[in-house]
Amino acid sequence: MNSPFDIVENILTVEANKGTCIECALKTALRDLQDGKMASETNTIIIITDGEDKVNMQDYFRKENETKLITVMINGYNEGLKKISTTYMDAKLSESGALELLGLARSV
Numbered sequence: 001m002n003s004p005f006d007i008v009e010n011i012l013t014v015e016a017n018k019g020t021c022i023e024c025a026l027k028t029a030l031r032d033l034q035d036g037k038m039a040s041e042t043n044t045i046i047i048i049t050d051g052e053d054k055v056n057m058q059d060y061f062r063k064e065n066e067t068k069l070i071t072v073m074i075n076g077y078n079e080g081l082k083k084i085s086t087t088y089m090d091a092k093l094s095e096s097g098a099l100e101l102l103g104l105a106r107s108v
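Heads up, the sequence shown is in my numbering, so the first residue is 1 and it goes up one at a time.
Each hint should be verified, as a subset may be incorrect.
Said to hold, decoys possible - Quick list of simulated restraints, FRET-style, between CB atoms:
# : residue 1 : residue 2 : range
1 : T86       : D6        : 15 to 25 angstroms
2 : A39       : K92       : 16 to 26 angstroms
3 : L93       : D35       : 15 to 25 angstroms
4 : N43       : K83       : 16 to 26 angstroms
5 : T20       : L93       : 17 to 27 angstroms
6 : N56       : E95       : 14 to 24 angstroms
7 : N75       : Q34       : 13 to 23 angstroms
8 : K27       : Y88       : 32 to 42 angstroms
9 : D35       : N75       : 29 to 39 angstroms
To be verified - DSSO-like mimics (lysine-lysine), calculated; alpha carbons at most 27 angstroms apart, straight line:
#  : residue 1 : residue 2
10 : K83       : K68
11 : K82       : K27
12 : K27       : K54
13 : K68       : K54
14 : K92       : K68
15 : K82       : K54
16 : K92       : K82
17 : K68       : K82
18 : K54       : K83
19 : K27       : K83
20 : K92       : K54
21 : K68       : K27
If you're looking for bench data, these hints aren't it; they were derived computationally from the structure. Beta carbons are placed, not taken as given, at the ideal position from N, Cα and C, and that holds for glycine.
All chains should be modelled from the sequences, with the hints used to inform the complete structure.
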C-alpha cells in the first residue's frame, strides 16, 4: 500500500472470514522489525482484524519495546489486542469512519 487512501480503501472493503492467527502475524511482523528487514523503514505494525482470535502477547510488547502497534477492529473486539496496542480503533464502515481511518493512516 503506497498511500493513506490505499489503507482506508482496504480497511473499508475487508470481510471477516474467521481464520487468521493474530499472534502468528504479530510475531512475524515483530521478527521482521527486529531482524532489520524493516527496522530502517518503520517501528509501527498495523493490524486490521475482526478480533476473533485470542491474543496473549504482553511479553512481546513491553514498554521498553519501541514497536508501536496500531489495531483497527472491523466489527469486533479483542481485549488482548487492546492491552498491547498503542492505538486501538473500532473502524466504522461509513464516511465518517473512513475520514477517521484516513487521519490515522496519515499519522503513521
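Results for each hint:
1. Remark: the range hint 15 to 25 angstroms for T86 to D6 is upheld by a beta-carbon distance near 21 angstroms.
2. Roughly 33 angstroms separates the CB atoms of A39 and K92, a value that falls outside the hinted 16 to 26 angstroms.
3. Distance hint for L93 and D35: a CB-CB separation of about 35 angstroms, inconsistent with the stated range 15 to 25 angstroms.
4. About 19 angstroms separates the C-beta atoms of N43 and K83, a value consistent with the hinted range of 16 to 26 angstroms.
5. In this structure, T20 and L93 meet the distance hint of 17 to 27 angstroms, their C-beta atoms being roughly 18 angstroms apart.
6. For the pair N56 and E95, the beta carbons lie near 36 angstroms from each other, so the given range of 14 to 24 angstroms is not met.
7. At about 32 angstroms, the CB distance of N75 to Q34 disagrees with the hint of 13 to 23 angstroms.
8. Taking 32 to 42 angstroms as the suggested C-beta distance range, the pair K27 and Y88 does not conform, at roughly 19 angstroms.
9. Checked against the hint of 29 to 39 angstroms, the pair D35 and N75 passes, with Cβ atoms roughly 33 angstroms apart.
10. As the CA atoms of K83 and K68 are separated by approximately 12 angstroms, the hinted pair is consistent with the 27 angstroms bound.
11. For the proposed pair K82 and K27, the alpha carbon gap of about 16 angstroms is at most 27 angstroms, so the pair holds.
12. Only pairs whose Cα atoms come within 27 angstroms are accepted, and K27 paired with K54 is accepted, the gap being roughly 14 angstroms.
13. Taken as a hint, the K68 and K54 pair is honoured in the structure, with Cα atoms around 19 angstroms apart against an allowance of 27 angstroms.
14. Proposed proximity of K92 and K68 is supported: the alpha carbons are some 22 angstroms apart, at most 27 angstroms.
15. With a CA separation close to 11 angstroms, the supplied pair K82 and K54 stays within the 27 angstroms bound.
16. A distance of roughly 17 angstroms separates the Cα atoms of K92 and K82; the hinted pair therefore holds under the 27 angstroms criterion.
17. Restraint check for K68 and K82: satisfied, since their Cα atoms lie roughly 12 angstroms apart, inside the 27 angstroms limit.
18. Only pairs whose Cα atoms come within 27 angstroms are accepted, and K54 paired with K83 is accepted, the gap being roughly 12 angstroms.
19. Of the supplied pair hints, the one linking K27 and K83 holds, its CA atoms being roughly 16 angstroms apart against a limit of 27 angstroms.
20. About 22 angstroms separates the Cα atoms of K92 and K54, which keeps this hinted pair within 27 angstroms; it holds.
21. In summary, the hint linking K68 to K27 is supported, as the alpha carbons are separated by about 13 angstroms, within the 27 angstroms threshold.
Taken one by one, the earlier hints fail for this structure at numbers 2, 3, 6, 7 and 8, listed in ascending order.
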